[in-house]
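Colleague: Protein chains in written order, with my numbering: chain X, 1 to 308; chain D, 1 to 139.
Hints may contain errors.
[Stated by the list, open to error] The calculated lysine to any residue pairs, modelled on SDA-like cross-linking and capped at a C-alpha distance of 25 angstroms, are:
no.: 1; chain 1: X; residue 1: K177; chain 2: D; residue 2: I84
no.: 2; chain 1: D; residue 1: K98; chain 2: X; residue 2: I187
no.: 3; chain 1: D; residue 1: K3; chain 2: D; residue 2: K17
[As the list claims (entries may be wrong)] Some chain D residues judged to face chain X by a derived CB distance under 8 angstroms, without partners named:
no.: 4; residue: F108
no.: 5; residue: V111
no.: 6; residue: M114
no.: 7; residue: Q130
no.: 8; residue: K134
Just so you know, the hints here were simulated from the structure itself, not pulled from any lab data.
C-beta atoms are modelled at their ideal positions from N, C-alpha and C, and glycine is treated no differently.
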Amino acid sequence: MLNKYTRRDFLNYAGKISLAGTGAYALTSLVNGCVSADVASTLSQVAQHSDSIIKSGTAVMKAMEDFTPEQEYYIGRTVGAVVVNKYKPYNDNSANQYINVVGQTLAQASSLPETFNGYHMLILDSPEINAFATPAGHIFVTRGMLGCCRNEGELAAVLAHEVGHVENRHGIDAIEKSRVTDAVTIIGLEATKTFADSDIADLTAIFEDSINDITTTMINNGYSRSFEREADKSAVTIMERVGYNPASLIAMLEVMDSRLKPEGVDFAKTHPSPQSRIEDLSKMVSGNKKPSFTSVQEKRFQAAMKNV
Amino acid sequence: MTKTMTVQVKQCQLRSKPTFLGKVVKKLDYGERVEIEKEENSWVNVSPGGKNAGWVHISALSEKEIILNPNSQDIKEAASNDEIALAGKGFNKQVEKKFRQDNKSIDFSWVDKMEKIVVSQNEIQNFISQGGIKAKGGA
Chain X
1 MLNKYTRRDF LNYAGKISLA GTGAYALTSL VNGCVSADVA STLSQVAQHS DSIIKSGTAV
61 MKAMEDFTPE QEYYIGRTVG AVVVNKYKPY NDNSANQYIN VVGQTLAQAS SLPETFNGYH
121 MLILDSPEIN AFATPAGHIF VTRGMLGCCR NEGELAAVLA HEVGHVENRH GIDAIEKSRV
181 TDAVTIIGLE ATKTFADSDI ADLTAIFEDS INDITTTMIN NGYSRSFERE ADKSAVTIME
241 RVGYNPASLI AMLEVMDSRL KPEGVDFAKT HPSPQSRIED LSKMVSGNKK PSFTSVQEKR
301 FQAAMKNV
Chain D
1 MTKTMTVQVK QCQLRSKPTF LGKVVKKLDY GERVEIEKEE NSWVNVSPGG KNAGWVHISA
61 LSEKEIILNP NSQDIKEAAS NDEIALAGKG FNKQVEKKFR QDNKSIDFSW VDKMEKIVVS
121 QNEIQNFISQ GGIKAKGGA
């Protein structure tokens, strides 16, 4: 035990150095001509919707320096396992297949279409109104949430919002910064690909704490209103690219607003009120406010959701 | 100046056009190196092996060289060279295995099951056209 704490103390210290190093690197990149051009062009491509170049610069550098998509995948799988163990899966093949077709189509149209192992969706067997997304693109939607969706457009709105959380790396952001630097430090210290047992134990301890940070934020505390707004903004863009009317997101939030219990444990607790999101969204959504659907869309939605 | 990048996801799509609506002409695997011919929005044009020119979304690529099965020389080099990364470092299969040993009550079987639900590009195209959805493209 003593050994472990000593090692972690060292890691905290080393982490600070490593953090300072990262900052210096970012600064150098931004003033250095050649690299700066690359970074700037990547930024303008990857983060078109960000409020400022500086902010997206930080996000991109962070994503590049901290965890690789492969590591985010392992984080995502475990977050997903925690969620599905708490809520239980809804074992209905045709419904799950349908939400994957809708969801994976939307994910392809996002600004982060390529995650390490792709996007995958699963329905949770719970009346609670909620939805979750892991950093790797595992997306969970409860039956209670699906109950707020009256058509394919409203379902697309829910899924596009969750893809928005993945695209904006909100899950990874929930991890305490010191853990990230601890992990990066262990990884950096080890030159070998296969870790020694003691390193695996240390890394797993950080891994477990990181998973806790994410699930606590997602399930118990919820994201901030600004993160929700960011995810809604992404959802609007994604829906427009695919061809869904983003006004469906507002329509779905109105249904949700009428169904949420203010003292509830679900979305009401973990999300800003639907009314405040509708307010923010009405500034982002222009054009036709009344989404319409083809008979094929109506039919396939009803067929897939009939038991949900 | 051509720039070389590396596929940083398990498998990514090479498309005929720089949009998610572009037909998938080939799949590229983790660690594959590609030379960037030109860029358009978030897409880069590459022609792996000198043929099959197509477009890859930038999110699939890393500036670093990623080595899947490093030998001792690679390991030595990666330790001092920021432009080289070794696949499978950090949070990996070994860490997940240890986590699962320590947390036996957490069952991963549904995560494994959901990861098997993969919607092909054809299914996506059919879903959009049969539904009468007027896709704008982009991304």
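Colleague: So which hints don't hold here, by number, going up?
Modeller: Those not satisfied: there are none.
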